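Here is what each chain is made of, one letter per residue.
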Amino acid sequence: MRTLLIALAGVSLVAALFAAEPRAAKPVATSKLTVLNEGGVNLDLPAGRIVFRDAVKVFESDLYMECELLTLFQQTNAVAKPAATATSTNLSIRPDVIIAETNLMMMARGTTIIGDRAVYTTSNETVVVTGDLVVIERSNVVFFSTNFVFNRLTSSGYAVGWTATEIEVSGGFSGTNALRPGFGPPRRQAPPAAPKPDGAK
Amino acid sequence: MTTLLVLPLFAQIRSGFRGSGSKYPEFYVLPPTGGAQTNRLKGMFIGNEWQHLSNKVFRVNGMKIEHYDWSGETNLVAIAPECLFDAEARVAWSTGRLDIVGMSGGVTIRGARGFFARMGDSTLIISNKVRTTIQRELIGPITP
Chain A
837 MRTLLIALAG
847 VSLVAALFAA
857 EPRAAKPVAT
867 SKLTVLNEGG
877 VNLDLPAGRI
887 VFRDAVKVFE
897 SDLYMECELL
907 TLFQQTNAVA
917 KPAATATSTN
927 LSIRPDVIIA
937 ETNLMMMARG
947 TTIIGDRAVY
957 TTSNETVVVT
967 GDLVVIERSN
977 VVFFSTNFVF
987 NRLTSSGYAV
997 GWTATEIEVS
1007 GGFSGTNALR
1017 PGFGPPRRQA
1027 PPAAPKPDGA
1037 K
Chain B
2 MTTLLVLPLF
12 AQIRSGFRGS
22 GSKYPEFYVL
32 PPTGGAQTNR
42 LKGMFIGNEW
52 QHLSNKVFRV
62 NGMKIEHYDW
72 SGETNLVAIA
82 PECLFDAEAR
92 VAWSTGRLDI
102 VGMSGGVTIR
112 GARGFFARMG
122 DSTLIISNKV
132 RTTIQRELIG
142 PITP
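Heads up: the sequence lines are chains A and B, in that order. The numbering of the first sequence is our numbering, which starts it at 837 and goes up by one. The numbering of the second sequence is our numbering, which starts it at 2 and goes up by one.
Keep in mind that the hints were calculated from the coordinates and are not lab data. Wrong hints could be hidden among the right ones.
[Claimed, not checked] Straight-line alpha carbon distances no greater than 30 angstroms define the calculated DSS-like cross-link-like pairs of lysine-lysine that follow:
1. 130/B - 868/A
2. 65/B - 893/A
3. 868/A - 24/B
4. 24/B - 893/A
5. 65/B - 130/B
6. 893/A - 868/A
7. 57/B - 24/B
8. 65/B - 24/B
[Said to hold, decoys possible] Label pairs and their computed distance ranges (CB to CB):
9. 989/A - 97/B: 21 to 29 angstroms
10. 945/A - 134/B: 17 to 25 angstroms
11. 976/A - 62/B: 40 to 48 angstroms
12. 1002/A - 134/B: 46 to 54 angstroms
13. 977/A - 134/B: 33 to 41 angstroms
14. 874/A - 89/B: 26 to 34 angstroms
Just so we're clear, the structure is a prediction, and the values are computed from it rather than from any experiment. Here a beta-carbon is modelled for each residue, glycine too, at the ideal position from N, C-alpha and C.
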């Protein structure tokens, strides 16, 4: 009987320990996006538009972007509004489209993109970069185009129109046909010459 | 009728007049009825201390602009230590600092070198160097 009580107490203690263990809360994403610019900000609340001008720099944990004009358009068709609220100015809605223009440079996850204009749609996390010349550089591949579509969600993209690719191969070509050290049969080294007696030629 | 009562009041204010705790409300307008004003607050211009300068221009210390959505919730608050306010045109401007908090803290904007606010169409222009912080969740889903 005593053994049973001790066993029950042990089981209860273990159960209590497990019960007292709080379930780990799901981590809340607190990533912030910082925008620095030199030419001021226009907040047009009725139009749901925020415009950043001149030397715009955007920082994030996995993104850096530079441009001259950054425009955030907010969703206007997210919720069907009654006619009377046509002039309602609600800033508490997410931006639908982000447009970065002029001298665009974007760096994210090892990829650098240079172009004239980028349109980022938040619903599908897709960036469309256009320009006279769009340059995409990733590790040792440089890709040239005029219209490039990049999906941040899948880290994949494709080009529309002409493209050119430049691949930098490092260490493969040395400019000579000579075998590199280590290739071919091992060379035998001549044994050291025996010391000669004095006066011998 | 209200305008008739208010206009002479402005004319009677002497230069240098000081006051405190004044508020200027702005109401939503219904476009289908040709611009009829509703009783729903759109914005409020609040100043701690007011000093009359000339005509209808005041120097305001402790400025605060609140902006409300249609349901009446505050969605933007702009705070400046001082500014000038044109009571007739309902515009405020300054060469100094302006701090904005919007989207329930999701967006903070700090401008240090001037701003221009038009209460009528809820437009705010922050000049020169500006630092903006946006919660990532407001832009779109977080990629894994």
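Results of checking the hints against the structure:
no.: 1; hint: 130/B - 868/A; verdict: holds (19 angstroms)
no.: 2; hint: 65/B - 893/A; verdict: holds (28 angstroms)
no.: 3; hint: 868/A - 24/B; verdict: violated (34 angstroms)
no.: 4; hint: 24/B - 893/A; verdict: violated (37 angstroms)
no.: 5; hint: 65/B - 130/B; verdict: holds (21 angstroms)
no.: 6; hint: 893/A - 868/A; verdict: holds (14 angstroms)
no.: 7; hint: 57/B - 24/B; verdict: holds (15 angstroms)
no.: 8; hint: 65/B - 24/B; verdict: holds (10 angstroms)
no.: 9; hint: 989/A - 97/B: 21 to 29 angstroms; verdict: violated (43 angstroms)
no.: 10; hint: 945/A - 134/B: 17 to 25 angstroms; verdict: holds (22 angstroms)
no.: 11; hint: 976/A - 62/B: 40 to 48 angstroms; verdict: violated (60 angstroms)
no.: 12; hint: 1002/A - 134/B: 46 to 54 angstroms; verdict: violated (38 angstroms)
no.: 13; hint: 977/A - 134/B: 33 to 41 angstroms; verdict: holds (34 angstroms)
no.: 14; hint: 874/A - 89/B: 26 to 34 angstroms; verdict: holds (33 angstroms)
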